[in-house]
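Listed below, chain by chain, are the residues.
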Amino acid sequence: MRNLFKFTENEKTKKFLGAGFSVSLAGLAIGGLMIHGHGELKLSEVPLIYPGIGFLGCLILIYAAKGLAVVLRRDENYYDK
Amino acid sequence: MNLFSPQIVMFLGAILVPLFKGRAKKVLLVAIPFVALATSHLWEYFLPEVVDRIYLPGTFLMSDRLPAPVFFLAFMIGAVGALMFALKVDDDLQHCAALVYIGAALGVITAKSIFEFYVFWEIMAVSSTFLVLAKRTKIASDAAFRYIIMHLFGGLCLLAGLILCSSDASPIGCLVGSEMQAYSLNMSDPGPWLIFIGIAVNLGIPPFHTWIKDAYPEATETGSVFLCIFTTKSAVFALACFFAGAKILIFLGAVMAIFPILFAVLENDIRRVLAYSLINQVGFMIVGIGIGTALSLSGATAHAFCHIIYKSLLFMATGSVIYMTGKSKFTDLGGLYKTMPLTCLFCIIGAASISAFPLFSGFVSKSMIVSAAGHEKYAWVWFILQIASAGGVVVHGIKIPYFIFFGKDSGIRASDPPRNMVFAMGLFAALCVLIGIFPASLYKLLPKLIYYNPYSPAHIVEMLQILGFGILAFVILKRLNAYPVDSRGITLDFDWFYIKGGRLLHKVADSALNSINAVSSRVIGDGAVSLFEKAFKSSQTTLLLIFVAPYYLIKGDNENQLKEVKHKLTETFEAGGVPIGIGAAVAVGFMVFCIFLSR
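Sequence order for the protein chains is C and X. First residue of the first sequence: 0, per numbering that gives the first Met the number 0; consecutive thereafter. First residue of the second sequence: 0, per numbering that gives the first Met the number 0; consecutive thereafter.
No lab work stands behind these hints: they were computed from the structure. Errors might be hidden in some of the hints.
[To be verified] Simulated pairs of lysine-lysine, DSSO-like, Cα-Cα distance not exceeding 30 Å:
no., chain 1, residue 1, chain 2, residue 2
1, X, K499, X, K326
2, X, K326, X, K443
3, X, K499, X, K407
4, X, K87, X, K337
5, C, K80, X, K337
6, X, K326, X, K134
7, X, K376, C, K41
8, C, K5, X, K376
9, C, K5, X, K565
10, X, K376, X, K134
11, C, K65, X, K87
12, X, K25, X, K87
13, X, K134, C, K80
14, X, K326, C, K13
15, X, K328, X, K407
16, C, K13, X, K499
17, X, K407, C, K5
18, X, K326, X, K376
19, C, K65, X, K407
20, X, K407, C, K11
21, C, K80, C, K65
22, X, K20, X, K134
[Stated by the list, open to error] Over 10 Å on every C-beta distance to chain X, these chain C residues come out as not near it, computed from the model:
no., residue
23, T7
24, K11
25, T12
26, K14
27, F15
28, A18
29, E75
[As the list claims (entries may be wrong)] Sample of chain X residues facing chain C (criterion: CB under 10 Å; computed from the structure):
no., residue
30, L86
31, P340
32, G373
33, K376
34, E461
35, A472
36, F473
37, N480
38, I489
39, P549
We treat Cβ as the ideally placed atom computed from N, Cα and C, and that holds for glycine.
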């Protein structure tokens, strides 16, 4: 069967996708400032709250996981010892 | 229970399957769920004229809050897909266990009494254990043992709670005669709490969640697909029947939505990541049940429906990878898009659905729960669920497809799995997309008549912002080599307390009980028993002497002659040389003596 994802091997395509992704993010951030939400919560009305949750939320979770690893990460045979 | 009920069809199927071979067996496996569906009269519930979908007498037992038919339909879809996926498995144990498991899960959600509910609940626990055992490895059998121990504990709690909550004096009578009803959790009443713990075990509410990440990755490639569908979702149904609106569930659900992400980030086993993400998704459903409004309960139902489909799809995709490559660690995989393009495509669709990308199924269901939290002004819950959504995209949205199919090239050139597996994945991938594009088709099935539009411009932009900037965080961390993936090892979870605690308990019990044993052996074995032995050994002679001594004294024997008589009698008794009549007389005398003492 033809490889559906062959396009990911092309450097030009990769760069194009990367640029498209960056532009989309910028568009989303600006668009979010212009579109009014449902106004259910004051928190949801804070400007750039959703990009903040997406970006900082992920960073915080990943670094929290790395911190957790220091305490909880063990060898694969830990329970067999 | 009707003799031609869907669960009975499943059980009969489990009996019939080993009797067939080859193509006939495959036809039977595919036909069984359709026969079960035909016996269910499910279509009656979904007829357009049925406006009040809260209760349909004679068809299903319905709680007044959540729909068994929607769960039933989701279970049937899951059963068809999973059986299709496992069609070429040449192991009757797996087929039989799976069919009994499906039947029991259907029994749980269609039970007409608490007794039926409990019996099917336990059958579900036992039958699913065989799907783990079927892997036939030491690790799998250990995991299966821990799995069944955990579920037996949960089952006992549930039984105790159901009995305590009944007003009937007879334990069996109370179960047979009682219908499922809602309970409230208050500190003064242990019954509902015990029911809650029983259900919490199956839901994987912390600290009972460890069986999910322990057993699912050790089950067979096809077995884990069945496992991810039925146990937790039937528990979601039970929770909604018994405890909808209990506010503690909001807190527990929020915790469940966020903490598994931390563990999933660190995990190297692909199916263990899915197991943690399953806990995360069930957390959303529990929040929905806890909020208890029409929107949140419908959201929990819809999310359970969608979750069954996209989670099965992800377990199928990862199962296919393990089936074709024999590898289950991220560190051993990568670059498989070159030779497994269809599996890769289906996995991406599953990942997009679970991450709640617009146009995929997770988006139309998860957003109902998050919106319900906003409507009810639970700002902190709303915030945690949004963070969990963002974390989710990094863990199950990107990590699974990226590190298996892209990332570094592992050099493995395995092809897509057999056609039946591809077909099953294709079917579920299509459903994920269809539900995402046409959410009204799902909303129509829900019991509460609600109006909800997930595709408002604000909502689409908000979700895309969360997902897009989450992906950006992943890309930056990956570029900086700061994303933790290349580490072999395990992360200690709550099961540390069970495993280490169990070993400590064994050690303490071993040393304490063996000390008691040694003391008992010295005091009783060496002391008291030998004393009793001596006493009973000489008692017959002593008794006889008491009887015969007066005769020799009257006869005029002196002390030495008496000693000689005593010695002879003792020797004769110990040698067994006493005539039977004398022995019997002594025995009777001894009994009379004992009776006299006892008075």
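The hints, checked one at a time:
1. As the CA atoms of K499/X and K326/X are separated by approximately 29 Å, the hinted pair is consistent with the 30 Å bound.
2. A C-alpha spacing of about 42 Å is found between K326/X and K443/X, which places the hinted pair above 30 Å, so the restraint is violated.
3. Straight-line distance between C-alpha atoms of K499/X and K407/X comes to about 37 Å, which puts the hinted pair past the 30 Å bound.
4. Proximity of K87/X to K337/X is assessed by CA-CA distance (about 25 Å); at most 30 Å being required, the pair is judged to hold.
5. This hinted pair does not check out: K80/C and K337/X have alpha carbons roughly 40 Å apart, beyond 30 Å.
6. Simply put, K326/X and K134/X have alpha-carbon atoms about 15 Å apart, close enough for the 30 Å limit, and the pair holds.
7. Proposed proximity of K376/X and K41/C is supported: the alpha carbons are some 9 Å apart, at most 30 Å.
8. Straight-line distance between C-alpha atoms of K5/C and K376/X comes to about 47 Å, which puts the hinted pair past the 30 Å bound.
9. With a C-alpha separation of about 108 Å, the suggested pair K5/C and K565/X falls outside the 30 Å cut-off, and the hint is violated.
10. Taken as a hint, the K376/X and K134/X pair is broken in the structure, with Cα atoms around 47 Å apart against an allowance of 30 Å.
11. A C-alpha spacing of about 41 Å is found between K65/C and K87/X, which places the hinted pair above 30 Å, so the restraint is violated.
12. For the proposed pair K25/X and K87/X, the alpha carbon gap of about 8 Å is at most 30 Å, so the pair holds.
13. For a cut-off of 30 Å, the pair hint linking K134/X to K80/C stands: about 24 Å separates their Cα positions.
14. The hinted pair formed by K326/X and K13/C meets the criterion: a straight-line CA distance of about 28 Å does not exceed 30 Å.
15. Of the pairs offered as hints, the one joining K328/X and K407/X holds, with about 13 Å between alpha carbons and a cut-off of 30 Å not exceeded.
16. For the suggested pair K13/C and K499/X, the alpha carbons sit about 49 Å apart, so the restraint of at most 30 Å is broken.
17. Taken as a hint, the K407/X and K5/C pair is honoured in the structure, with Cα atoms around 15 Å apart against an allowance of 30 Å.
18. Note on K326/X and K376/X: the hinted pairing is violated, with a Cα-Cα distance of about 46 Å set against a maximum of 30 Å.
19. The hinted pair formed by K65/C and K407/X meets the criterion: a straight-line CA distance of about 22 Å does not exceed 30 Å.
20. The hinted pair formed by K407/X and K11/C meets the criterion: a straight-line CA distance of about 19 Å does not exceed 30 Å.
21. Restraint check for K80/C and K65/C: the C-alpha separation of about 25 Å stays at or below 30 Å, so the hint holds.
22. Restraint check for K20/X and K134/X: satisfied, since their Cα atoms lie roughly 21 Å apart, inside the 30 Å limit.
23. With a least beta-carbon separation of about 7 Å from chain X, T7/C fails to lie farther than 10 Å from that chain, contradicting its non-interface assignment.
24. For K11/C, the shortest C-beta to C-beta distance to chain X comes to about 18 Å, beyond the 10 Å cut-off, and the non-interface label holds.
25. The claim that T12/C lies off the interface holds: its Cβ sits roughly 14 Å from the closest Cβ of chain X, which is beyond the 10 Å cut-off.
26. At the 10 Å boundary, the C-beta of K14/C stays outside the reach of chain X, the nearest C-beta of that chain being 14 Å off.
27. Listed as outside the interface, F15/C is consistent with that label: its C-beta sits roughly 15 Å from the nearest C-beta of chain X, beyond the 10 Å cut-off.
28. Consistency note on A18/C: stated as away from chain X, and its beta-carbon is indeed over 10 Å from all of that chain's, at 13 Å minimum.
29. For E75/C, the shortest C-beta to C-beta distance to chain X comes to about 5 Å, within the 10 Å cut-off, and the non-interface label is violated.
30. Annotation: interface hint on L86/X violated; nearest CB of chain C at approximately 21 Å, more than 10 Å.
31. Checking P340/X against chain C: minimum C-beta separation of about 4 Å stays under 10 Å; hint holds.
32. With 10 Å as the threshold, the beta carbon of G373/X comes within range of chain C, its nearest partner Cβ sitting at about 4 Å, so the hint holds.
33. At its closest, the beta carbon of K376/X sits 7 Å from a beta carbon of chain C; the interface hint therefore holds under the 10 Å criterion.
34. Taking 10 Å as the C-beta contact cut-off toward chain C, the hint placing E461/X at the interface holds, the least distance being around 5 Å.
35. Here the hint on A472/X is kept, as its CB sits about 4 Å from the closest CB of chain C, short of 10 Å.
36. Interface hint at F473/X: satisfied, since its Cβ lies 7 Å from the closest Cβ of chain C, which is below the 10 Å cut-off.
37. Interface hint at N480/X: violated, since its Cβ lies 12 Å from the closest Cβ of chain C, which is beyond the 10 Å cut-off.
38. Of the supplied interface hints, the one on I489/X holds, with its beta-carbon coming within about 6 Å of a beta-carbon of chain C, less than 10 Å.
39. For P549/X, the shortest C-beta to C-beta distance to chain C is roughly 76 Å, which exceeds 10 Å, and the interface hint is violated.
In this structure, the hints that do not hold are numbers 2, 3, 5, 8, 9, 10, 11, 16, 18, 23, 29, 30, 37 and 39, in rising order.
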